[in-house]
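S.K.: Protein chains in written order, with the numbering used here: chain A, 1 to 369; chain B, 1001 to 1185; chain C, 2001 to 2100.
These aren't lab readings, by the way, just hints derived from the structure by calculation.
We put the CB at the ideal spot given by N, CA and C, even for glycine.
Certain hints may be false.
If you want a taste of the chain B side facing chain A, the calculated C-beta under 7 Å gives, among others [claimed, not checked]: (1) G1046; (2) V1050; (3) F1054; (4) G1062; (5) L1075.
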Amino acid sequence: MLTDLLIDAAKAIVAVLLVLNLATVLLWFERKGSALIQDRVGANRAAIFGIGRRLGVPNLGVTNTFVADPLKMFTKEDFVPDQADRFLHTLAPFLSLFPVLVTFAVVPFGDRLIVGSRVIDLQVCQLDVGVLYLLAVLGIGIYGAALGGWASNNRWALLGGVRASAQMISYELAMGLAIIAVVMTFGTLDLQEICRRQGGAWFGWLPKWGIIYQPLAFLLLLTAGIAESKRIPFDMPEGESELIAGYFTEYSGGKQAAFMLTDFAEVVLVSALVATFFFGGWQVPYLYPEGFRLPGIGSVLLPNLVVAVLGVLAFGLKVVFFCWLQILVRWTLPRFRYDQLMYLGWKILLPLGLINLAATAVVIVAVAS
Amino acid sequence: MEVGVFAFFAVLAVVSALGVVLQRSPVHSLLALVATLLAISALLIGLGAVAIGFLLAIVYVGAIVVVFLFVIWLLNLQRDPGEPGHLAAKFFGAFAVAALTAELFAFFVRAPVGPPPAPAGYGSVDRLADLIFRDYLVAFEATSLLLLVAVVGAVAVARRWPADQPRRSGAGASAHGELRRAERA
Amino acid sequence: MTPVSYYLVLGAALFAIGVAGVVIRRNLIVIFMSIEVMLNAVNLTLVALGRALGSTDGQVMVFFVMTVGAAEAAVGLALILAAFRSRHTIKADELNLMRW
């Protein structure tokens, strides 16, 4: 009993720490990555007593991102504007960060791990209706941005909040439709089960990943996901040339850090969802619970521990890859106009999602009969 | 659901429902409404209606209440300075509410005690879908028609017709039309 | 296990709070939110009674209540908007043109 509780607690802590750390690393990834894309040098100044230079290590901006910036951010004045709604102003950043973090409870990060007679499912919470939980929690996330904008008593912040909530509610539809198509394909709402059903291979060599069943849904989910995280090219809610900084214009210090962390945690979340639904989650091609079975070469037997660790590593690799893809998109595309955003969401993505859903249904019935 | 957990969510639901009614600022009322709905959906999940509990959170918290928020913003409602209202209406209103409460309580306290253990698969999506798409199919199709009519009606009622206003602000009006459609989620 | 009657009493309490909101408050938006509280109190009651009877039909009812609630919110809020545009108020007492 107590051991189970401890294992659950450990899984939860590991998942949250992984997400938070990956989100922070992404901050650095984005600074140096954008520098790479734009042929700049990027952050390379801050150093601690010049230790790196004396040792001959090139300054990669690590100190900037992980020491100097957080230090600066958290020692700033926590500013609340005059006549702002103090309660909501304080609540909003946490209302924004919390839903994103708890979503990871249902995202599986590995297969079963067998320790002695105990089988540990590498997922924080096994939930039969995991997809519904996901959508419900993401729905709460809207209020963070919306109320943050409203409580600041600033018209640009309010405009940013309105834009953010309208955008998120619009793209949640496309996201939901894409996810429902996947759910129909695999016939379950449990994310761990969705991963399991992506195991195996066709013709002995083509992995049965979701992308092969649902290529359109993949594009829909990725697009809607980037829009949900409010990043370029969908960053009208914080468009700095129009709205100063959008819904977090009036935030400073730790509260603004919470908003920023939300952005990066959402990037990680979208990557994790795309990897889970379309790229087999923790599945490694040709890796089965008993070991590798390579087509035309033969098989290698592996102990359970190695298989589980390989799965976790594969999931991490896929997540990092999609994080990088999103950073690439962010620094490559220009910003949409607001009407273009609504046009894309309602007149392109939504009909495509519906057509995809109908086609999926027809194929499923045709295959079954 | 254990009694302690039930008590927690029950108190949360009652306190936040009181918040909906008593808060002066509509946005605070709205936040209290969100808390009430989340507490109720947690209670539904505790009763074994897992799918419907999450659906309640998705539909109400994720869509309907956001539209309330938009209307509050659109009307630019700030803190209520205090409502005049008729004292008599309030008095008789409170009286009627007290009578209703007493009646409901008297009625419900005698309800069967202790739910039977839930059968396997109770409240699962399979069971729910089976009922909706078999026994309640006509009602289901009728609600989809109702939603369609409601969406068209809402757009028709809330729209600024060209005759009312010669120039309408493009962004606001179109975003608003989109919101109505978001209802269908 | 928590007795079903607890859920029913809670549902009754929430419903009564909703009714009080409709009767006491004059702000149309708040009245509307109180109606949502009432609807969801009934949802809770439906599921609790369904559980007591061991049937899933109560949950199907909740499903329909939710869809009708969504339609009601869409039309109702549109009406509030239209009323505000023509009368510049959303106080229920001041929208008295149709009163005898």
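S.K.: Evaluate each hint against the coordinates.
M.R.: Each hint, compared with the structure:
| no. | hint | verdict |
| --- | --- | --- |
| 1 | G1046 | violated, 14 Å |
| 2 | V1050 | holds, 6 Å |
| 3 | F1054 | holds, 4 Å |
| 4 | G1062 | holds, 2 Å |
| 5 | L1075 | violated, 13 Å |
The structure shown violates the earlier hints numbered 1, 5.
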